[in-house]
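There are 2 protein chains.
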Amino acid sequence: MTQHFIVIGNPIAHSKSPEIHTLFGTQAGLDICYQRQYCPDDAASFTAVIEAFFHGGGVGANVTVPFKQIAYECCAARGGLSEHAKVAGAVNTLLLNKALLAKGVPPVEALFGDNTDGQGLVNHMQRLGWPLNGARVAIIGAGGAARGVVLPLIEAGIETLSIANRTVSKAEILVDELSTASEKINQHTIQTYATADLSGDFDIIINATSIGLSGETLPLTDKLNCQYAYDMMYGRELPFLQHFSIRGAQTSDGYGMLIGQAALSFERWTGRAIDVAQATTALENVST
Amino acid sequence: MTQHFIVIGNPIAHSKSPEIHTLFGTQAGLDICYQRQYCPDDAASFTAVIEAFFHGGGVGANVTVPFKQIAYECCAARGGLSEHAKVAGAVNTLLLNKALLAKGVPPVEALFGDNTDGQGLVNHMQRLGWPLNGARVAIIGAGGAARGVVLPLIEAGIETLSIANRTVSKAEILVDELSTASEKINQHTIQTYATADLSGDFDIIINATSIGLSGETLPLTDKLNCQYAYDMMYGRELPFLQHFSIRGAQTSDGYGMLIGQAALSFERWTGRAIDVAQATTALENVST
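Protein chains in written order, with the numbering used here: chain F, 1075 to 1362; chain D, 1075 to 1362.
FYI, nobody ran anything at the bench for these hints, they're computed from the structure. Any given hint could turn out to be false.
Unchecked claim - Selected chain F positions facing chain D (in silico; Cβ < 7 Å): (1) Ile1080; (2) Ile1106; (3) Gln1109; (4) Tyr1112; (5) Cys1113; (6) Ala1117; (7) Phe1127; (8) His1129; (9) Gly1132.
Stated by the list, open to error - Okay, the calculated beta carbon distance ranges per label pair: (10) D/Thr1076 with F/Ala1268: 34 to 42 Å; (11) D/Ala1151 with F/Lys1258: 48 to 56 Å; (12) D/Val1179 with F/Lys1258: 36 to 44 Å.
Said to hold, decoys possible - Listing some non-contacts, in silico: residues in chain D with all C-beta distances to chain F over 12 Å: (13) Met1075; (14) Ile1082; (15) Phe1120; (16) Phe1127; (17) Ala1173; (18) Gly1208; (19) Ser1243; (20) Tyr1308; (21) Arg1342.
Backbone N, C-alpha and C fix where the C-beta goes; we use that ideal spot for every residue, glycine too.
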């Protein structure tokens, strides 16, 4: 029997998820149908579209911009949230809470939310062989993308964490909120800076801003160094990566994070682990 | 495998369709799940909700106020419309055009629209034993409800048809549009009147207005008589029926039409005919 999945967003035509998950389905030998699902940008429409999908017998949904926070609210009021989703304050993966279904709770009341973005980043770095355990890490950006990776990074054993943002107060607020939301995070001292003041040596620096979209560049000082530089963006020239590659750092864009988070969602839905290295190679052949 | 259905409307909490179709499923021995589906009142939300439902593997959807015209537009641009839906200019039943699916057309492009409201009325009258063949029929009202029953009545062999409306011009416009939309209707001369001017003897008079909701009464003259009076409304006191029952007419409200249109939708989706008399009795036991 075909298992049905969607990725819901607005806009959505550009999403690569259908091709990625269709390849996963082939790799896992499962009959799946994964499609893009447009939705008007309001909470009532999102809830209605998600309800209709799960009413129809859908198995799982990915959630992308602008619905990750709305999905969070939806699940918080129904079937619950994973710890990563709770701390991230956002959901990118929807499924049905099987325990609740078994108790006869209707599908739409059993909606459960997870967030695999952060773990997808960590898994990609580990595949790259970057030394997360004991690492001195800096994240540039204090929005949703940054929020989603802090806990997974801490769980991966990093030593120290700094968060920098154009306006430092936003970074401070993020740290306060995260420390309240998670005891694990609360045990870490997280330094905060204005981006222009971030300096010194780090093992890993992560660009969690969408500045790559606008062609602007980050105000990075020359006194800022790292061994590894990661930009969550992909599919375009990334000045952030160039800045550090000419200074001898190893760099990576976020395409592997995209595959990583997708593989984790797929596993969440089907219980089947994906050989991400093999899938990435296969996808690169598809997309070139 | 569970077959999934929804009724989509706004508001929708009041809909009786889930109970009706669940009973049909039991009667037909099919594993079905039929649920109410709220949707924000705009075309983009409706299209997104319907797409998500069929993406999820949904089999069929009923459409009620305020989406019947939007559903019509949706299907006209995709998998097509039945003749009844085309002439009614509205869709109450959505399914997937199997011929298109077989050609690899994706579900959302194979969306097919039917309208079973009018035939549901005709079938109910025939169950009541009312003599449609050769009947002189009058319809009061010139909105969507009236529009949906003209072709089925003509196909049932009525002799003459008059359409009355508070403002007669609306009835005239309806007749013009219907005659253009259907050759069968075009061959009939349909008289039009202001409701207050409708008089003489009819076999059947149908109230296709929603005046029953507001508690107002229709401006019916004493020179208007009929053997059978039908009000499409149900579930409340209906002054229209009282007006004619005290004048010796046989009367019926529209509950049987609701069951009739549902049975036709069910048959459209599953290929299984429903024993409507048996179902109606069973439902009356459920609802009392």
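So, going through the hints one by one against the coordinates:
A least Cβ separation of about 5 Å between F/Ile1080 and chain D falls short of the 7 Å threshold, and the interface hint therefore holds. Taken as an interface hint, F/Ile1106 does not check out: its beta carbon lies about 11 Å from the nearest beta carbon of chain D, beyond 7 Å. Taking 7 Å as the C-beta cut-off, the interface hint given for F/Gln1109 holds, the closest approach to chain D being about 5 Å. Interface restraint check: F/Tyr1112 against chain D, minimum CB-CB distance 6 Å, threshold 7 Å, status holds.
With a least beta-carbon distance of about 5 Å to chain D, the hint placing F/Cys1113 at the interface is held under the 7 Å criterion. With its C-beta approaching chain D no nearer than about 9 Å, F/Ala1117 sits outside the 7 Å limit, and its interface hint is violated. Annotation: interface hint on F/Phe1127 holds; nearest CB of chain D at approximately 4 Å, less than 7 Å. Restraint check, F/His1129 versus chain D: the minimum CB separation of about 5 Å is within 7 Å; hint holds.
With a cut of 7 Å, the hint placing F/Gly1132 at the interface with chain D holds, because the nearest CB-to-CB distance is about 3 Å. Look at D/Thr1076 against F/Ala1268: about 56 Å separates their beta carbons, and that is not inside 34 to 42 Å. A C-beta distance of roughly 52 Å is found between D/Ala1151 and F/Lys1258, which places it inside the suggested range of 48 to 56 Å. Between D/Val1179 and F/Lys1258 the beta carbon distance is about 50 Å. The supplied range of 36 to 44 Å is therefore violated.
Chain F draws D/Met1075 into its interface by the beta-carbon criterion, the shortest separation being 6 Å against a cut-off of 12 Å. Its closest Cβ contact with chain F, about 7 Å, brings D/Ile1082 to no more than 12 Å, contrary to its assignment away from the interface. A Cβ of chain F approaches the Cβ of D/Phe1120 within 12 Å, the least distance being about 9 Å, so the stated non-interface status is violated. With a closest Cβ-Cβ approach of about 4 Å to chain F, D/Phe1127 is found to fall inside the 12 Å limit, against its non-interface label.
The non-interface label for D/Ala1173 is consistent with chain F: the shortest C-beta to C-beta separation is roughly 19 Å, beyond 12 Å. Under the 12 Å C-beta cut-off, the non-interface status given to D/Gly1208 relative to chain F holds; the minimum distance is some 45 Å. Non-interface status of D/Ser1243 relative to chain F is upheld: no Cβ of that chain comes within 12 Å, the nearest being about 36 Å off. Once the 12 Å rule is applied to beta carbons, D/Tyr1308 is consistent with being away from chain F; the minimum gap is 26 Å.
For D/Arg1342, the condition that its CB be more than 12 Å from all CB atoms of chain F holds, with the nearest at approximately 17 Å.
Hint compliance for this structure: hints 2, 6, 10, 12, 13, 14, 15, 16 are broken, all remaining hints hold.
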